[in-house]
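Colleague: The lines below spell out each chain.
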Amino acid sequence: MALFNRLVIILLALVVLVTASAVLLTTLGVLDPAQLALAGPWFVDRLVPFTQLDATNRSLTLGLCLALIVLALLLLFLEMRPGPRGARQITLKQDALGRVTVTLDEVRQLADREAGQVPGVTSARSHVETEPPGLSIACRVSVDPAGSIPDMTDELRERLKAAVEHHVGLAVTQVSVDAQVPPMATNRRRRRVA
Amino acid sequence: MGSSDAPGSEVELAQAIATAVRAVPGVADLSPGRFVEVATYGARARVRGVMVRQTAESLDVEVHVCAQYAGALVLTELAALVRESIRQSVRASGAGTVSQTDVVFDDVRVE
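Note that the protein sequences, when read in sequence, are chains A and L. Position 131, counted from 1, in the first sequence is what this note's numbering calls 131; the numbers after and before it change by one each time, with no gaps. Position 25, counted from 1, in the second sequence is what this note's numbering calls 25; the numbers after and before it change by one each time, with no gaps.
I should point out that these hints are in silico values taken from the structure, not numbers from a laboratory. All C-beta atoms, glycine included, are put in the ideal place defined by N, C-alpha and C.
Which chain L residues face chain A? A few, computed with CB under 10 Å, are given here: (1) T76; (2) Q100; (3) D102; (4) F105.
A few chain A residues that face chain L, going by a derived Cβ cut-off under 7 Å, partial list only: (5) L92; (6) K93; (7) G98; (8) R99; (9) V100; (10) V102; (11) H167.
For each label pair, taking beta carbons as the anchor points, the in silico distance ranges come out as: (12) L:E84 <-> A:A179: 39 to 47 Å; (13) A:S21 <-> L:T55: 41 to 49 Å; (14) A:L62 <-> L:T55: 51 to 59 Å; (15) A:P41 <-> L:R53: 44 to 52 Å; (16) L:S58 <-> A:F43: 45 to 53 Å; (17) L:S58 <-> A:A171: 28 to 36 Å; (18) A:S136 <-> L:A92: 41 to 49 Å; (19) A:L36 <-> L:E57: 52 to 60 Å.
Isolated chain L (complex conformation):
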């Protein structure tokens, strides 16, 4: 993955979102999707696990997440943390506000 796509592009935004989501406690990693690849594509980069759809009116994000198993794991609470991290990441990158955030748990990892 490079950062050769235009600043403010969907790929740049997806990279920022991917970094933010990976930093959430309880997230083991992003998932590229189970049967169909989920990614944001740019001219020279591809961000797997994050799909950004940006239109003039809205900004929709879909993230596919591998959760880290723990006795205290509650998927809906983890999803709330993921959503919040996405919201903050988008705001910090100056891309406006997120209209819709879909969180898909593709995997629960046990170490």
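Looking at chain A on its own, in the form it has when it is part of the complex:
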């Protein structure tokens, strides 16, 4: 349905673009309607009046044609640009009854949520990739500098692996953690020298 609508709009935009361009060129005197004999006598007859416009109507016609050309080009651009990439999915199960899939983004959110539960983690951002035979998780976390970072990252690895394997049912083959300590707030003042 969406493809059909898109095709209709592209066709309409092309018709508007060609017609407005023909009228514009005819009004400017660049194109003689007789040169468009291939388009058929009906189209040529419609163009002839634009060769005899007075100054006011000529300006109005030129402005209208330019507006229509811009609008048609805009519509063509919007309709012909590539659409958003579909969500990447991973198959959790496939059997005679059908397939069970989950979007990779949801697995990432589950990992983010679990990482956020680990004491000492202030924020987390994960990246999940499928790496047969399982999943690979790269997690970047901001941590509280008061705690032990090695202990925290060990716990984070274990919890991420256990949680994702439990919820998703696929083996997690690798968990890498990139821990960052947020910069200390500084209270420096610039001294003004007289």
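Chain A is already provided as a structure; the job is to place chain L on it using the hints.
Modeller: Quick look at chain L alone, frame taken from chain A:
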């Protein structure tokens, strides 16, 4: 959504499936799809999140689900419950038996 489509039509069946799937514990809602709308279309109704393809030989169903997050959530187990609810719903509506049921988890909701 109305029920003005013919009884036994794909839309009627999709509505029955949607109701059954929403009632499954652990399902927060149906998802209309993430980038492309997933729905069954009728003359006056549209059921989002359920796609029913009925042919003379087979009946295929695809449902897009938002799961409810819980510590005990296991997506494959939830998918099995969803499949079973679809199977029972289709059987109750007298539309035959389901050949293929695809379950897509589009979202996991946390309250």
